[in-house]
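*Asks:* The lines below spell out each chain.
There are 2 protein chains.
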Amino acid sequence: MDETNTFITTLATILPSPGKVYLIGAGPGAPDLITVKGLTVLQHADVILYDYLVNPALLQEASTMAQKIYVGKSNGHHALSQEEINLLLVEHAQNGKIVARLKGGDPFVFGRGGEEAETLAKHGIPWEVVPGVTSAISVPAYAGIPVTHREHTAVFTVVTGHESQERGESSFDWEALAHLNGTIVFLMGISKISFIAQQLMHYGCAASTPVAVIRWGSMPEQQTVIGMLNTIAEQVRQAQLQPPAVIVIGKVVKLAPLLQWFTPECDDRKLA
Amino acid sequence: MDETNTFITTLATILPSPGKVYLIGAGPGAPDLITVKGLTVLQHADVILYDYLVNPALLQEASTMAQKIYVGKSNGHHALSQEEINLLLVEHAQNGKIVARLKGGDPFVFGRGGEEAETLAKHGIPWEVVPGVTSAISVPAYAGIPVTHREHTAVFTVVTGHESQERGESSFDWEALAHLNGTIVFLMGISKISFIAQQLMHYGCAASTPVAVIRWGSMPEQQTVIGMLNTIAEQVRQAQLQPPAVIVIGKVVKLAPLLQWFTPECDDRKLA
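Read top to bottom, the protein sequences are chains A and B. Counting from 1, position 126 in the first sequence corresponds to residue 126 in my numbering; the numbering is continuous, with no gaps. Position in the second sequence (first residue = 1) + 272 = my numbering.
No lab work stands behind these hints, which were simulated from the structure alone. Idealized CB from N, CA, C, for every residue including glycine. Heads up, a few of these hints could be off.
Pairwise CB distance ranges (calculated) [to be verified]:
(1) THR263(A) / TYR342(B): 44 to 50 Å
(2) SER81(A) / PRO515(B): 41 to 47 Å
(3) ASN95(A) / SER480(B): 19 to 25 Å
Calculated pairs, PhoX-like style, for lysine-lysine (alpha carbon to alpha carbon, straight line, at most 25 Å) [unchecked claim]:
(4) LYS394(B) / LYS369(B)
(5) LYS369(B) / LYS340(B)
(6) LYS254(A) / LYS292(B)
(7) LYS97(A) / LYS122(A)
(8) LYS251(A) / LYS394(B)
(9) LYS20(A) / LYS68(A)
(10) LYS340(B) / LYS292(B)
(11) LYS526(B) / LYS20(A)
(12) LYS122(A) / LYS20(A)
(13) LYS192(A) / LYS254(A)
(14) LYS68(A) / LYS97(A)
(15) LYS345(B) / LYS122(A)
(16) LYS523(B) / LYS464(B)
(17) LYS394(B) / LYS122(A)
(18) LYS394(B) / LYS464(B)
(19) LYS73(A) / LYS97(A)
(20) LYS254(A) / LYS523(B)
(21) LYS369(B) / LYS464(B)
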């Protein structure tokens, strides 16, 4: 144990009994896709810190006494910095509160949940993660696309388009991604759809590789545009599709017409 | 609409009103990691077809009147063939039943849910998928490992070790997988841990790449063994770790000691 941790442990004895932080995945959007555990914690929380993509219906499940704090990020507009969020989590827990940190999808899939967990662990705050239904798998499922299928692929890769944008240079190997021959899911990549498609074709993916872009997956507003690597950017432009959206690339996209089971109010599948 | 579909639609008018099939993800093991929607459907189902990895506690949530059918696969021992399962789903739905098809993890992640959905769609049976918390993300989370982390990786890949075993030849590019520089999660791969480690090292992954093997993730019996690509096969052998287990490979595994939050009854982390 390093000196910082020793200090914090000692300090804790003179602070109010510490609370606990739950990093909860709220799922892709439909409120009933939260887990039973996630909902139970939410109903008992003293403080709720929630993101932009969390369905407001979930907040109505909370106690009327609970303090609800919006910390979310909408397309680059951050209500609070990550450091401020981390600090809030620590402070409320040290004040003895049960804190629900409610995040879209799963907390450990590009949600910076790992960093929040690190902060809590380093401060000696009790915490748990309550995994959620990730948008990477469930949003394609709501568009009739299984990310794996015995006849098509035994592997799928999930990438954040957002991070690579922020960093300027992407930190993974596009050539390897193109060669992997599996399903590829991009979260938060719609503003880079043209770049993504170009990169994959440049490194050997066929121009005719099927692609689906799904906005507001699992919600009544769900919209799906289906095309190919060499057409999808223009289709997205014509459909004026904005974030939040999930991009799915690979042979499994071909199953979408047969496996369409969800009836949203504004599907754009006609563009396919 | 093709001829088969027309025939089935016509036939449906003289059959009892068709029921509906829900392909439900039960989550990684802990019963409260099922979704609210999944639990609700389960409680109202007339017929439940469940797999080996589904927690028996969930079945107790079902109506006492519900017919519960074990169809599961335990390590290659199949109670029923996939064709027999497909047939059961269709038959019960055509008899007007609400059918809950309960699968471990998420139905569309290596669960052959895609094939079941295809069968239902081709027979004109109403169906829905109820996504679940996938073991690929949640089991690492229960061992303190976030599959993504801003400082370590912006990409993760999920592979089935099982399928590649059945097929003899694997259908994805090992070299690309090794070069991708992201987190790699193998489901159902523990019996091939030696082969997996050798392949990744052969194609350029450092022998010191951190690896975690997690058995019965999220359950009281959870066991974690942590090592490196060049040590893990021997560690798994010494710990006598059997399926079901999830393998996680990559820098994020280093976070496990700090982020250990779940206290199972028989963790083997001392072997690390």
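*Asks:* It remains to establish, for every hint, whether it holds in the given structure.
*Replies:* Hint-by-hint comparison with the structure:
For THR263(A) and TYR342(B), the Cβ-Cβ distance of about 33 Å falls outside the hinted range of 44 to 50 Å, so the restraint is violated. Look at SER81(A) against PRO515(B): about 44 Å separates their beta carbons, and that is inside 41 to 47 Å. Hint check: ASN95(A) to SER480(B), Cβ distance near 42 Å, so the stated range 19 to 25 Å is violated. Between LYS394(B) and LYS369(B), the direct Cα distance comes to roughly 18 Å. Compliance with the 25 Å bound is thereby established for this hinted pair.
Restraint check: the Cα-Cα separation between LYS369(B) and LYS340(B) comes to about 13 Å, which is no more than 25 Å; the hinted pair holds. The suggested pairing of LYS254(A) with LYS292(B) holds, with an alpha-carbon distance near 24 Å, which does not exceed 25 Å. Using a Cα cut-off of 25 Å, the hinted pair LYS97(A) and LYS122(A) holds, with the two alpha carbons roughly 18 Å apart. Proposed proximity of LYS251(A) and LYS394(B) is supported: the alpha carbons are some 19 Å apart, at most 25 Å.
As the CA atoms of LYS20(A) and LYS68(A) are separated by approximately 16 Å, the hinted pair is consistent with the 25 Å bound. The suggested pairing of LYS340(B) with LYS292(B) holds, with an alpha-carbon distance near 16 Å, which does not exceed 25 Å. In summary, the hint linking LYS526(B) to LYS20(A) is supported, as the alpha carbons are separated by about 24 Å, within the 25 Å threshold. Restraint check: the Cα-Cα separation between LYS122(A) and LYS20(A) comes to about 14 Å, which is no more than 25 Å; the hinted pair holds.
Annotation: proposed proximity of LYS192(A) to LYS254(A) holds, straight-line Cα distance about 23 Å (limit 25 Å). Of the pairs offered as hints, the one joining LYS68(A) and LYS97(A) holds, with about 13 Å between alpha carbons and a cut-off of 25 Å not exceeded. Straight-line distance between C-alpha atoms of LYS345(B) and LYS122(A) comes to about 42 Å, which puts the hinted pair past the 25 Å bound. Between LYS523(B) and LYS464(B) the alpha-carbon distance is near 21 Å, which keeps this suggested pair within the 25 Å criterion.
For the hint pairing LYS394(B) with LYS122(A), the CA-to-CA distance comes to about 54 Å; that exceeds 25 Å, so the pair is violated. Between the alpha carbons of LYS394(B) and LYS464(B) the distance comes to roughly 36 Å, so the proposed pair goes past 25 Å and is violated. Restraint check for LYS73(A) and LYS97(A): satisfied, since their Cα atoms lie roughly 24 Å apart, inside the 25 Å limit. Note on LYS254(A) and LYS523(B): the hinted pairing is violated, with a Cα-Cα distance of about 34 Å set against a maximum of 25 Å.
Taking the CA atoms of LYS369(B) and LYS464(B), the gap is about 40 Å. The hint is violated against a cut of 25 Å.
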